[in-house]
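Q: Residue-level listing of the chains:
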Amino acid sequence: SQTIHQWPATLVQPVGSPLSLECTVEGTSNPNLYWYRQAAGRGLQLLFYSVGIGQISSEVPQNLSASRPQDRQFILSSKKLLLSDSGFYLCAWSVAGEQFFGPGTRLTVL
Amino acid sequence: AQSVTQLGSHVSVSEGALVLLRCNYSSSVPPYLFWYVQYPNQGLQLLLKYTTGATLVKGINGFEAEFKKSETSFHLTKPSAHMSDAAEYFCAVSEPISGGYNKLIFGAGTRLAVHP
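As given, the protein sequences belong to chains P and B, one line each in that order. For the record, in the first sequence the residue sitting at position 73 is 88 according to my numbering, with numbers rising by one throughout. For the record, in the second sequence the residue sitting at position 10 is 387 according to my numbering, with numbers rising by one throughout.
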């Protein structure tokens, strides 16, 4: 069966520090992968999606970037965090239009 | 672009009462529709989905939803609320993106509270 992992589970970072969040999927090959952010009291905002290695599409301009170095690995990064980057970050993979979500990473920028 | 509207950011019901969470969508093509549930500090879990066929869809935990094309709605219901149903619920519609793939457009979510 397929599983999706995210780490770390929680992260507290100072403003201006770099960020790297990792997502890996097991049990499937060539998945579509997605990064969402959920800010406090708000719905989910799609940040990036990827349909293959090295293929990244950005939904909104922002302080973040994404990379897909391997088929089942999706990384969310920032060179310098802003306070507004705080939130709950969810990775997802999809097949046949249905998306399956990871456990999420809670990021607090102070 | 498609959009999803969830009426009521907070809904409160008594244990044993009917749960009704509203979702309306805008789509120019026949949509795929989804309901997800999120418990605190966890990822999203799929409750149910509509793709084609029967418009009344049954999901996990006793939830069901009915696709009404004429009303562009996909409301989520459960006949009798349980304390464990307290969570946040998200409605989503699938939108085509390049290469024949899809992404999900989510509503803002409805937080369901169940009181004794």
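These are calculated hints, taken from the structure and not from any lab test. Take the hints with a grain of salt, since some may be wrong.
[To be verified] Computed list of lysine to any residue pairs in SDA-like fashion (alpha-carbon distance at most 25 Å, straight line):
1) P/K94 - P/P76
2) B/K445 - B/T382
3) B/K446 - B/H459
4) B/K426 - P/P118
5) B/K426 - P/G58
6) B/K435 - P/S109
7) B/K426 - P/N47
8) B/K445 - P/N47
9) B/K426 - P/L62
10) B/K426 - P/V30
11) B/K446 - P/G112
12) B/K426 - P/V110
Everything numeric in this text was worked out from a predicted model, so none of it was measured.
Q: If a hint holds in the structure, say so; if it does not, say that too.
A: Against the structure, the hints come out as follows:
{"no.": "1", "hint": "P/K94 - P/P76", "in the structure": "15 Å, holds"}
{"no.": "2", "hint": "B/K445 - B/T382", "in the structure": "15 Å, holds"}
{"no.": "3", "hint": "B/K446 - B/H459", "in the structure": "30 Å, violated"}
{"no.": "4", "hint": "B/K426 - P/P118", "in the structure": "20 Å, holds"}
{"no.": "5", "hint": "B/K426 - P/G58", "in the structure": "19 Å, holds"}
{"no.": "6", "hint": "B/K435 - P/S109", "in the structure": "21 Å, holds"}
{"no.": "7", "hint": "B/K426 - P/N47", "in the structure": "19 Å, holds"}
{"no.": "8", "hint": "B/K445 - P/N47", "in the structure": "29 Å, violated"}
{"no.": "9", "hint": "B/K426 - P/L62", "in the structure": "23 Å, holds"}
{"no.": "10", "hint": "B/K426 - P/V30", "in the structure": "40 Å, violated"}
{"no.": "11", "hint": "B/K446 - P/G112", "in the structure": "19 Å, holds"}
{"no.": "12", "hint": "B/K426 - P/V110", "in the structure": "13 Å, holds"}
When each numbered hint is compared with the structure, violations occur for hints 3, 8 and 10.
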